[in-house]
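Asker: Since the structure of chain V is provided, determine the placement of chains A, B and R on it from the hints.
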Amino acid sequence: MTSVIGTWLAAFFTLAIFSFLYKDNPFYKVAEHLYVGISAAFWLIYVWSFTVYPLLVKPMIKNGLQGENLLLLIPFIFSIMMLFRLIPNYGWISRWPMAFTVGLGAGLGLTGAIQGILFPQMRATVLDLWLKNNPLGTLNNWLLIVGVITTIFYFFFSQEHKGAFGKIARVGIAFIMISFGASFGFTVMARVSILIGRVGFLLGDWLHLIK
Amino acid sequence: MFGVLMAIILSLNVQVFDTPNDDGTSITIKLPWQTGRYKSFSIYRGTSPDNLKLVQNFVVGETYKDRGLKPGAEYYYKIVAHTKDGKTEETDVIGPVKTVATWFNKNRFGILVSIIILGGLFVYFIEKARSGAELFIRKISGLEAIDDAVGRAAELGKPIVYIPGLLGINSIPTIASLSILRKVAKKAAEYEVDLIMPNADPMVMTTAQEVVKEAYLDAGRPDIYNPNNIYYLTSDQFGYTAGVDGILIREKPGAVFLQGYFYAESLILAETAHSIGAIQIAGTTSTTQLPFFVAACDYTLIGEEMLAASAYLSKDPVTLGSLKAEDYAKALIIIFLIVAILSKVIGFFDFTRLLIAK
Amino acid sequence: MRKEIPFLISALTAMFAVLAFFIPHKPFGGLQQKMLVWYSVVTGVAMLIGVESLLNNHYKRIRRRENILYSSFLIFGFLITFVLGVYSIRKYGDAFAPNSPFMFIFNYAEVPLQSTMFALLAFFIASAAYRAMKIRTVEASLLLAAAVIVMLGRVPAGAQLWSGMPKFAEWIMEIPNLAAQRGILIGVALGSVGMSLRIILGIEKPYLR
Amino acid sequence: MNKLGKILSNINRQVIYLLVFLVVALPMILGIKAKVTVTEPVRKAYEFIDSLPPGSFILIGIDYGPSTFPEMNPMLYALLRHAFKKNLKVGILALQNAVNIPIGSQVLRAVAKEYGKKYGIDYVNLGYKPGWDAVIVSIGREIRDVFPEDAFGTPLDSLPITRNIHNYDDIALVIDLASGGTWASWIQFAQARFGVPVIIGVTAVMGPESYPYLQSGQIKGLIAGLKGAAEYETLIHHPYLGVRGMPAQSGVHILIILLIFVGNIGYLLQKRSKT
Numbered sequence: 001m002t003s004v005i006g007t008w009l010a011a012f013f014t015l016a017i018f019s020f021l022y023k024d025n026p027f028y029k030v031a032e033h034l035y036v037g038i039s040a041a042f043w044l045i046y047v048w049s050f051t052v053y054p055l056l057v058k059p060m061i062k063n064g065l066q067g068e069n070l071l072l073l074i075p076f077i078f079s080i081m082m083l084f085r086l087i088p089n090y091g092w093i094s095r096w097p098m099a100f101t102v103g104l105g106a107g108l109g110l111t112g113a114i115q116g117i118l119f120p121q122m123r124a125t126v127l128d129l130w131l132k133n134n135p136l137g138t139l140n141n142w143l144l145i146v147g148v149i150t151t152i153f154y155f156f157f158s159q160e161h162k163g164a165f166g167k168i169a170r171v172g173i174a175f176i177m178i179s180f181g182a183s184f185g186f187t188v189m190a191r192v193s194i195l196i197g198r199v200g201f202l203l204g205d206w207l208h209l210i211k
Numbered sequence: 001m002f003g004v005l006m007a008i009i010l011s012l013n014v015q016v017f018d019t020p021n022d023d024g025t026s027i028t029i030k031l032p033w034q035t036g037r038y039k040s041f042s043i044y045r046g047t048s049p050d051n052l053k054l055v056q057n058f059v060v061g062e063t064y065k066d067r068g069l070k071p072g073a074e075y076y077y078k079i080v081a082h083t084k085d086g087k088t089e090e091t092d093v094i095g096p097v098k099t100v101a102t103w104f105n106k107n108r109f110g111i112l113v114s115i116i117i118l119g120g121l122f123v124y125f126i127e128k129a130r131s132g133a134e135l136f137i138r139k140i141s142g143l144e145a146i147d148d149a150v151g152r153a154a155e156l157g158k159p160i161v162y163i164p165g166l167l168g169i170n171s172i173p174t175i176a177s178l179s180i181l182r183k184v185a186k187k188a189a190e191y192e193v194d195l196i197m198p199n200a201d202p203m204v205m206t207t208a209q210e211v212v213k214e215a216y217l218d219a220g221r222p223d224i225y226n227p228n229n230i231y232y233l234t235s236d237q238f239g240y241t242a243g244v245d246g247i248l249i250r251e252k253p254g255a256v257f258l259q260g261y262f263y264a265e266s267l268i269l270a271e272t273a274h275s276i277g278a279i280q281i282a283g284t285t286s287t288t289q290l291p292f293f294v295a296a297c298d299y300t301l302i303g304e305e306m307l308a309a310s311a312y313l314s315k316d317p318v319t320l321g322s323l324k325a326e327d328y329a330k331a332l333i334i335i336f337l338i339v340a341i342l343s344k345v346i347g348f349f350d351f352t353r354l355l356i357a358k
Numbered sequence: 001m002r003k004e005i006p007f008l009i010s011a012l013t014a015m016f017a018v019l020a021f022f023i024p025h026k027p028f029g030g031l032q033q034k035m036l037v038w039y040s041v042v043t044g045v046a047m048l049i050g051v052e053s054l055l056n057n058h059y060k061r062i063r064r065r066e067n068i069l070y071s072s073f074l075i076f077g078f079l080i081t082f083v084l085g086v087y088s089i090r091k092y093g094d095a096f097a098p099n100s101p102f103m104f105i106f107n108y109a110e111v112p113l114q115s116t117m118f119a120l121l122a123f124f125i126a127s128a129a130y131r132a133m134k135i136r137t138v139e140a141s142l143l144l145a146a147a148v149i150v151m152l153g154r155v156p157a158g159a160q161l162w163s164g165m166p167k168f169a170e171w172i173m174e175i176p177n178l179a180a181q182r183g184i185l186i187g188v189a190l191g192s193v194g195m196s197l198r199i200i201l202g203i204e205k206p207y208l209r
Numbered sequence: 001m002n003k004l005g006k007i008l009s010n011i012n013r014q015v016i017y018l019l020v021f022l023v024v025a026l027p028m029i030l031g032i033k034a035k036v037t038v039t040e041p042v043r044k045a046y047e048f049i050d051s052l053p054p055g056s057f058i059l060i061g062i063d064y065g066p067s068t069f070p071e072m073n074p075m076l077y078a079l080l081r082h083a084f085k086k087n088l089k090v091g092i093l094a095l096q097n098a099v100n101i102p103i104g105s106q107v108l109r110a111v112a113k114e115y116g117k118k119y120g121i122d123y124v125n126l127g128y129k130p131g132w133d134a135v136i137v138s139i140g141r142e143i144r145d146v147f148p149e150d151a152f153g154t155p156l157d158s159l160p161i162t163r164n165i166h167n168y169d170d171i172a173l174v175i176d177l178a179s180g181g182t183w184a185s186w187i188q189f190a191q192a193r194f195g196v197p198v199i200i201g202v203t204a205v206m207g208p209e210s211y212p213y214l215q216s217g218q219i220k221g222l223i224a225g226l227k228g229a230a231e232y233e234t235l236i237h238h239p240y241l242g243v244r245g246m247p248a249q250s251g252v253h254i255l256i257i258l259l260i261f262v263g264n265i266g267y268l269l270q271k272r273s274k275t
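Chains as they are written, first to last, in my numbering: chain V, 1 to 211; chain A, 1 to 358; chain B, 1 to 209; chain R, 1 to 275.
Among these hints, one or two may not hold up.
Unchecked claim - Straight-line Cα separation of at most 30 Å, BS3-like style, residue types lysine-lysine; simulated pairs:
{"hint": "1", "chain 1": "A", "residue 1": "K70", "chain 2": "B", "residue 2": "K26"}
{"hint": "2", "chain 1": "B", "residue 1": "K26", "chain 2": "A", "residue 2": "K30"}
{"hint": "3", "chain 1": "A", "residue 1": "K70", "chain 2": "A", "residue 2": "K98"}
{"hint": "4", "chain 1": "A", "residue 1": "K65", "chain 2": "A", "residue 2": "K98"}
{"hint": "5", "chain 1": "R", "residue 1": "K117", "chain 2": "B", "residue 2": "K91"}
{"hint": "6", "chain 1": "V", "residue 1": "K29", "chain 2": "B", "residue 2": "K60"}
{"hint": "7", "chain 1": "B", "residue 1": "K34", "chain 2": "A", "residue 2": "K70"}
{"hint": "8", "chain 1": "A", "residue 1": "K186", "chain 2": "A", "residue 2": "K213"}
{"hint": "9", "chain 1": "V", "residue 1": "K167", "chain 2": "A", "residue 2": "K139"}
{"hint": "10", "chain 1": "A", "residue 1": "K139", "chain 2": "A", "residue 2": "K315"}
{"hint": "11", "chain 1": "R", "residue 1": "K271", "chain 2": "B", "residue 2": "K134"}
{"hint": "12", "chain 1": "A", "residue 1": "K98", "chain 2": "A", "residue 2": "K30"}
Read the hints as simulated data drawn from the structure, not as lab findings.
Keep in mind the model is a prediction, meaning the values are calculated, not measured.
Looking at chain V on its own, in the form it has when it is part of the complex (with noise of 0.2 Å):
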């Protein structure tokens, strides 16, 4: 019983979704609070679910303040600066635990821009300009060497695109159509097989229409 309750209210939403394609409308709008309204609720709980009490409560009942959890005070005295942001006139105390998420953002971003994208895309890009008896890999090769380099030169800031400089660029822009129009059409596939599995829903779990 509770399932085909269910099945009825996920195909009113799935319904009120796809209505909002021909134009907004009453019952967009009811999908879309209850939406926002229950996701919020969902992430809430998930979050306290999942890290909140896995992460700080948890080890805090467990062990108590003591020993490496003596460093648990630090998010713990984070969260409660935090929450000083619901407290007018005192809203600037939760200037601290931005700061400290700025700069974990900047201090990983340096490290891990350099370890995880520049150096292997680099190391990936030095190719072999010859392979024997292989013209075709021999051309990717080279393709791909010329394609990286110049696709860096779209972005050179100093220098206007004119003359020799700018034609270079022009073959980097060149290249980054022909990736952008590829990815495009590579990703319809794939957000398709997600409607296919509304429709089908709709058809089979909802109407029996199809077995």
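Answerer: The following block gives chains A, B and R in isolation, referenced to the frame of chain V:
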């Protein structure tokens, strides 16, 4: 026949050593996994040779890292191998092996060098800018368009909507987005346009409130700042999208800014913004979403353009100096790539070895 | 004071994060992970501020007598999910136990809403392609051509048109596409380094003046 | 000419949405079936499952979430239908995220009902456990170490289906349906170490990266994306969302290409009349 013999002659070949480049809490054990002779291993460990206890049974794979040890302590090991035909073989007691805590991770030397080079370039160009040298920066059309977009919203008497993406303020694109927000907010204050900003992250929301408040103060209009226009919706990706779509369709903003890190919701937001006739200025570092912004939006800041936007918009020579430094870094990277590729051709030196960072 | 201390906190945090990356020795080793845990705890608690903002916003609207119906739906949706979540934690020890009423809401509201919003992309991808893919310039034509070839390469009709289509589409994905992505990513990496350095050096302070 | 150009380049967005919807829904309602050619990776998966003796216990990992389930659920439907038809015993578990279990168990309940299968006798829901590498290794010794109870708190010893299941020796096959990295751990630990046969199902985007494992013989079969599900449905003669979705899949691609074509004709006509 030969294979079997080899295996017997080699017997149980195990290497036990302190894990290099770590905090001294682990020892690495290299197991003869590739011989194909063994099913699994049991690892015994102790602080003295005559008192070894089983620490891990059924270990599989080439190396096993024995973790949670004390730095600077000595350990003894014995490994028992279980062969595929159900027999066991064991080593003598191995040790003592001493754990060492390292002060510098040598695997990351390359990264340190790059940070020093990049940091040096930064300091150099910032100083140069401070001393008054003219630094040229080309026009980035997406950024030039910000003024016009806000101005047009003002003419039409419509608000603007600023969407900062899904990630928190510990992510670089979001920080960059907040810097762009400052400029947009200042313009909005000057033109007396309402700025609406729905958020998916509560910390981004609070930071944005601070940023916008400061911007209004800068513009000399703290009186028209309304913190209620910068609010939280939900952290749910599509719940947020549904909510923002509702706002776009009902508030009918004249300009929509999509700046930050986006996932699949990018196109839903951009298409809805287009359907109400708003000017859209997008920017993200996400290579999977850039194609959709480029297709659907009037202006798109691509990758580094978006990260450089705040420096560009500030027009402050010191900050512009940092963009110049980024350009020189790019030139160095191109030179490095070309040298490394040519060096590979003549077999001189494998430059990719400099780029290894575990 | 209200401005110096936050800057100090952020610079020190950044410095420690960088040091921890290079120094495995105590107390730096593992510090990055620890700080990330702290971060997730703080954002987790900050969720309360978000929720306050959301509910307050709609409560005010109801009091101002605008949007009464829809704002009530939003608050109702929040309350019922929250109450059932707390109830499920108390009764089952875990809100995510499969039989819990909280999971009923997940199954029959959250999941269909989420995937239907996601499914809207199938429509928007079509309208965006129709509107944007025009042969206005050489660049735009390249984008169009690449998109059409890759789309054709992924359906049987493409192979019927030309048997080499799937291979050609794959080649576009693997060579020119990859090259540009790599170039963009290298730029992004440098931009991130630039942004980080500007924050660490105090040139840019997004959270305060 | 100008007028035609204007019409062609200004098709209403609602019209486009309607066309997309019709192209997807009509073939599904009318049951139009595209011919699905079965590829080797899917056939191998089918043949392996088909060869299992009735009563064998198989474990299915539900490692995809709400955002990819429309692509992945059809695989689960097809595999469960095959398994229940062959009277295999099925257990599901999730290692990637707690919210995956409700998604998988809905499908499991529905298919079990179709075949009159009973909970605890023919199928079981083990629930979610974090830390997937460790969980996979632990099952090699004793499944009760990590799953002492099923998802509803019943001890495994009190369920007929799991009473005699202890480790991989009692498990005939592991199928991991994954949108993330769990599948690689199943291969690395369960297959390589304990020799349990593994079949994986992944999203279409992930197909290419998992293909080498099939070539090396580490997995018994590979199902990728909705297309893979369609192939499996063809093999079990039970066309469902996969097979029904194939014409829609091709149709939308062709529709978008036609729309681009029409839009450009409109654009060219307008441009010519201007000059």
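Asker: Given the hint that R:K271 pairs with B:K134, does the C-alpha gap stay at or below 30 Å?
Answerer: Given that 30 Å is the threshold and the Cα spacing comes to 12 Å, the pair holds.
Asker: Between V:K167 and A:K139, is the straight-line Cα distance small enough, at 30 Å or below?
Answerer: 17 Å, holds
Asker: Take the C-alpha atoms of A:K70 and B:K26, compute the straight-line distance between them, and say whether it is at most 30 Å.
Answerer: 11 Å, holds
Asker: Check the hint pairing V:K29 with B:K60 against an upper bound of 30 Å on the C-alpha distance.
Answerer: 18 Å, holds
Asker: If you draw a straight line from the CA of R:K117 to the CA of B:K91, is it 30 Å or shorter?
Answerer: Cα-Cα ~29 Å, so holds.
Asker: CA of A:K186 to CA of A:K213, is that 30 Å or under?
Answerer: Between A:K186 and A:K213 the Cα gap is close to 9 Å, so the pair holds against 30 Å.
Asker: For the pair supplied as a hint, A:K98 and A:K30, is the alpha-carbon distance within the 30 Å limit?
Answerer: It holds: about 16 Å lies between the C-alpha atoms, which stays within 30 Å.
Asker: Between B:K26 and A:K30, is the straight-line Cα distance small enough, at 30 Å or below?
Answerer: With a Cα-Cα distance of about 26 Å, the restraint between B:K26 and A:K30 holds, given a limit of 30 Å.
Asker: Next pair to validate is A:K70 with A:K98; report whether the Cα-Cα distance is within 30 Å.
Answerer: Roughly 10 Å between the alpha carbons, so the hint for A:K70 and A:K98 holds.
Asker: Would you check the hint for A:K65 and A:K98, treating anything up to 30 Å between C-alpha atoms as holding?
Answerer: 14 Å, holds
Asker: If you draw a straight line from the CA of A:K139 to the CA of A:K315, is it 30 Å or shorter?
Answerer: Measuring from Cα to Cα gives roughly 12 Å; hence the hint holds.
Asker: Tell me if the straight-line CA distance from B:K34 to A:K70 falls inside 30 Å.
Answerer: Distance of about 19 Å is within 30 Å: holds.
Hint compliance for this structure: no hint is broken.
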